[in-house]
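Asker: Here is what each chain is made of, one letter per residue.
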Amino acid sequence: MKKILKSTLAIVAVFAAFTSCNNSGKSSNSGALSSNNAEKVYVAPGEHDSHYAFISGGYSGNLTVYGLPSGRMFKEIPVFSQFPTNGYGYSEETKPMLETSYGFVPWDDSHHPDISQTKGKLDGRWIFINGNNTPRIARISLTTFETEEIIEVPNSAGNHSSSFITENTEYVVAGTRFSVPIPQKDIAIKDYKGNFKGALSFISVDPEHGHMDIKFQVLMPGFNYDLSHPGRGKSHGWFFFTTYNTEEANSLLEVNASQNDKDFIAAINWKKIEEYVNNGGGTMMPANYAHNVYDDNTHTATSTMKKEVRVVNPSEVPGAVYLIPTPKSPHGCDVDPSGEYIVGNGKLSANLTVHSFTKMLDAIKNEKFAGDAYGIPILNFEDVLAGSVEQPGLGPLHTEFDGKGNAYTTFFISSEVVKWKLGTWEVIDRKPTYYSVGHLTIPGGNSAEPFGKYMFAMNKITKDRYLPTGPEMEHSAQLYDISGDKMELLLDFPTHGEPHYAAAIPAEIIKNNSRKIFKLTENEHPKKALSDADTKVVRDGKNVHIYMTMIRSHFSPDNIEGVKVGDKVFFHITNLEQDFDVPHGFAMIGARNAELLIAPGQTRTLTWEPEKVGVWPFYCTDFCSALHQEMQGYVRVSPASSDIELSWSLGE
Amino acid sequence: MIIGSLLLLGLFKFPLWNIMLGAPQYPDPLGMNIYIQGIKGVQEFDLQNIDGLNHYIGMKTIPKAEDMWEFSVFPKVILGMATLGVVIGLLGYFEKLSYKYFLGWFLLMSVLGILGMYDFNNWLIDYGSNLDPHAIIKVTNPDGTPMSYKPPLLGFQKLLNFDVTSLPHIGGYLMFIGMALTLIAFWIGRKASLQKT
Chain A
1 MKKILKSTLA IVAVFAAFTS CNNSGKSSNS GALSSNNAEK VYVAPGEHDS
51 HYAFISGGYS GNLTVYGLPS GRMFKEIPVF SQFPTNGYGY SEETKPMLET
101 SYGFVPWDDS HHPDISQTKG KLDGRWIFIN GNNTPRIARI SLTTFETEEI
151 IEVPNSAGNH SSSFITENTE YVVAGTRFSV PIPQKDIAIK DYKGNFKGAL
201 SFISVDPEHG HMDIKFQVLM PGFNYDLSHP GRGKSHGWFF FTTYNTEEAN
251 SLLEVNASQN DKDFIAAINW KKIEEYVNNG GGTMMPANYA HNVYDDNTHT
301 ATSTMKKEVR VVNPSEVPGA VYLIPTPKSP HGCDVDPSGE YIVGNGKLSA
351 NLTVHSFTKM LDAIKNEKFA GDAYGIPILN FEDVLAGSVE QPGLGPLHTE
401 FDGKGNAYTT FFISSEVVKW KLGTWEVIDR KPTYYSVGHL TIPGGNSAEP
451 FGKYMFAMNK ITKDRYLPTG PEMEHSAQLY DISGDKMELL LDFPTHGEPH
501 YAAAIPAEII KNNSRKIFKL TENEHPKKAL SDADTKVVRD GKNVHIYMTM
551 IRSHFSPDNI EGVKVGDKVF FHITNLEQDF DVPHGFAMIG ARNAELLIAP
601 GQTRTLTWEP EKVGVWPFYC TDFCSALHQE MQGYVRVSPA SSDIELSWSL
651 GE
Chain B
1 MIIGSLLLLG LFKFPLWNIM LGAPQYPDPL GMNIYIQGIK GVQEFDLQNI
51 DGLNHYIGMK TIPKAEDMWE FSVFPKVILG MATLGVVIGL LGYFEKLSYK
101 YFLGWFLLMS VLGILGMYDF NNWLIDYGSN LDPHAIIKVT NPDGTPMSYK
151 PPLLGFQKLL NFDVTSLPHI GGYLMFIGMA LTLIAFWIGR KASLQKT
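Protein chains in written order, with this note's numbering: chain A, 1 to 652; chain B, 1 to 197.
Treat the hints as calculated values from the structure; they're not laboratory data.
All residues carry an ideal CB built from backbone N, CA and C; glycine is no exception.
A couple of the hints might just be wrong.
Selected chain B positions facing chain A (in silico; Cβ < 7 Å) [said to hold, decoys possible]:
1) Q43
2) F45
3) N49
In silico lysine-lysine, DSBU-like type, Cα no more than 35 Å apart, as pairs [claimed, not checked]:
4) K542(A) / K519(A)
5) K138(B) / K40(B)
6) K519(A) / K196(B)
7) K404(A) / K121(A)
8) K40(B) / K511(A)
9) K121(A) / K359(A)
10) K511(A) / K460(A)
11) K516(A) / K138(B)
12) K516(A) / K76(B)
13) K119(A) / K453(A)
14) K60(B) / K519(A)
15) K511(A) / K528(A)
16) K519(A) / K138(B)
17) K100(B) / K516(A)
18) K75(A) / K542(A)
19) K64(B) / K13(B)
20) K528(A) / K158(B)
21) K516(A) / K96(B)
22) K528(A) / K60(B)
23) K511(A) / K158(B)
24) K536(A) / K64(B)
25) K64(B) / K519(A)
26) K460(A) / K60(B)
27) K486(A) / K119(A)
28) K158(B) / K516(A)
29) K121(A) / K190(A)
30) K519(A) / K96(B)
Turn these sequences into a full structure, and let the hints guide you.
Answerer: Set out below in structure tokens:
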């Protein structure tokens, strides 16, 4: 206790020194400085931001798109959650995206987005994000900005140390937070120790289409796997995972999982395991997990259940897995751009531990082990240690890099970002965050080539930063200019949901690839209608299929009769526009699912089960044109016993 | 003279004329390129989108190549004039033909060009003012007559929310340069013959 008091006092003293220093520097020209900051984030009307930021939505289950430096939000991309705004997860085409082995799961907790890479550099083709609750990994296209694929991760529970990309997007890696019985079985919880396992999944990514497939799962001891990062450059081929609860406690973890002085960073030589697996190694184990793929041409997702997964026990591949002792329940596990330094952000530690990849290889070569855990060699802390940043702050969580030899670490408890130098481990600067920062992001800051101009910190607590909005508030983020020696706070902006992490990229890498429309000539939807001649209404027992088109400013057909109470009506609607930014909406009175927003050239299907006799209107929800309000129609619903034939018309 | 008339052939590759339509909702303007063989959109879906907007004010759709006799006759005329020009040029070069024929070609081409412009303008008038009586939006001039949506033949005009700019395109400029070259050829020929005498 005394020690903590002392170090806190020391930090306060350091703070005082810094703040007084800053004040004296600022007081002479504070006016000029602040106006300078305003200019740095001002993006004039009609101008574009220089960077995209993709910020995870946490419990919203989605991903939001922001511009930097303005902090303006451009879009919310639905990923794991139903989204009535455009009908994602409600339309027949998109419902399969949310299928899992647990059935239809229309929400999740999305955490860590990561952009695809080529040779360690952001290539801006796709962005991946993990669903933490019902373990899933999603791939989102950065041309359509839509979720294209979701794969469920079996044997995982709390998909947290995910989704991180190897330097040529060979794999997207998903590690489990909770260890569980593998396979699941009915056993006493107190039998956790030794019986539960943690699955670390290596999901291969097809270089052309991005399609994901679980190549293998490494079944690790029953620790909790918190975060992970790939090696790069010299350490390419390795993957590093932080662990906590190496005590293997199953209750009151806040105490029982905080007992060991050191937990581990698990270092996994995935190239070695890949080779083993390619030669037929590992065991195919029965499993059940969903693989959902969306096709841009059919505008439709399909869900298939996969029935087996390849698992590998570390003991089968000697020399592939090692444990590096790392102080106090490390959270972030971050590798510098050169691939030499592995930063373990021990969240209960006063110091920041940095391991050396070269020293790790030496220790392995010399077989200098401190023991083993379930047969996995444990290296000596001192043998692998590159250095530590002494008393930089309280509660280090996550570190990124600027590509100029500096690292930036967030400190949750002391609510600040600290800039320090790789190699000398000296603290260069510190700036407060508002409040209790989780992750931070530098564009490309976890790649081989960071774009070290901006850094933003994503906070967990908002309190008084904005106009109050009741007990529930959006979280706050701060943007800093990191181009100089000292970080400079530029902007404070609210973020949607609970951002756990973000990935950012210079706009020019992706903005010219953004799709404007879907071509009707490429539309392969089986229920499309490309002209008035294709429109029709077809009865198939109780199912009524309406093939409809929409164009400024009418639906075709817009008068439909012959539908009966008890029918299930499918509106298959094609937007005939081929003009940028002219979506149309479709809303049916009393629809118990959602409206649809249909992009130019796209076909979408809404189901409606009429329960009442009458004449019921539908209309366009997207203010598409001067005659938008006229874009409407009627469905006549007759009693179930009626013998009115189906008929449809437009303009009669 | 030969180069000048050969430049006419550029019209088979490049548009003669271009009309761009910008509006608040169209920061990237819609546009049509007018070739001697037909009308094409500047971007893939521009014609479709122009037609889509024009249906509100009752304009006819932009004609396809087969809908207008001009698009089959113009290429023949241009090919004929180019050939004639080359022949005159060759004969002139070997001094079988007087340089005055160069001027004759230029004048013939100018007359044909003006006729072409006249015809084009007539089409623009018809396209812009021959409107569907059931048009969704009917706008009248202050004197009560229906407003014409005729795009300008040359230059800029404001039509409702659209800024319309109509200018020659590469093919047109090549044609003008070519015609100018034939004039220069005439002038050089004249100078040469004056020196001889």
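Asker: Hints first: check each against the structure and report whether it holds.
Answerer: Going down the list of hints, with the structure as the test:
{"no.": "1", "hint": "Q43", "in the structure": "9 Å, violated"}
{"no.": "2", "hint": "F45", "in the structure": "4 Å, holds"}
{"no.": "3", "hint": "N49", "in the structure": "5 Å, holds"}
{"no.": "4", "hint": "K542(A) / K519(A)", "in the structure": "33 Å, holds"}
{"no.": "5", "hint": "K138(B) / K40(B)", "in the structure": "27 Å, holds"}
{"no.": "6", "hint": "K519(A) / K196(B)", "in the structure": "67 Å, violated"}
{"no.": "7", "hint": "K404(A) / K121(A)", "in the structure": "16 Å, holds"}
{"no.": "8", "hint": "K40(B) / K511(A)", "in the structure": "27 Å, holds"}
{"no.": "9", "hint": "K121(A) / K359(A)", "in the structure": "26 Å, holds"}
{"no.": "10", "hint": "K511(A) / K460(A)", "in the structure": "30 Å, holds"}
{"no.": "11", "hint": "K516(A) / K138(B)", "in the structure": "31 Å, holds"}
{"no.": "12", "hint": "K516(A) / K76(B)", "in the structure": "39 Å, violated"}
{"no.": "13", "hint": "K119(A) / K453(A)", "in the structure": "21 Å, holds"}
{"no.": "14", "hint": "K60(B) / K519(A)", "in the structure": "24 Å, holds"}
{"no.": "15", "hint": "K511(A) / K528(A)", "in the structure": "29 Å, holds"}
{"no.": "16", "hint": "K519(A) / K138(B)", "in the structure": "32 Å, holds"}
{"no.": "17", "hint": "K100(B) / K516(A)", "in the structure": "56 Å, violated"}
{"no.": "18", "hint": "K75(A) / K542(A)", "in the structure": "39 Å, violated"}
{"no.": "19", "hint": "K64(B) / K13(B)", "in the structure": "18 Å, holds"}
{"no.": "20", "hint": "K528(A) / K158(B)", "in the structure": "39 Å, violated"}
{"no.": "21", "hint": "K516(A) / K96(B)", "in the structure": "60 Å, violated"}
{"no.": "22", "hint": "K528(A) / K60(B)", "in the structure": "27 Å, holds"}
{"no.": "23", "hint": "K511(A) / K158(B)", "in the structure": "32 Å, holds"}
{"no.": "24", "hint": "K536(A) / K64(B)", "in the structure": "29 Å, holds"}
{"no.": "25", "hint": "K64(B) / K519(A)", "in the structure": "21 Å, holds"}
{"no.": "26", "hint": "K460(A) / K60(B)", "in the structure": "59 Å, violated"}
{"no.": "27", "hint": "K486(A) / K119(A)", "in the structure": "30 Å, holds"}
{"no.": "28", "hint": "K158(B) / K516(A)", "in the structure": "27 Å, holds"}
{"no.": "29", "hint": "K121(A) / K190(A)", "in the structure": "45 Å, violated"}
{"no.": "30", "hint": "K519(A) / K96(B)", "in the structure": "59 Å, violated"}
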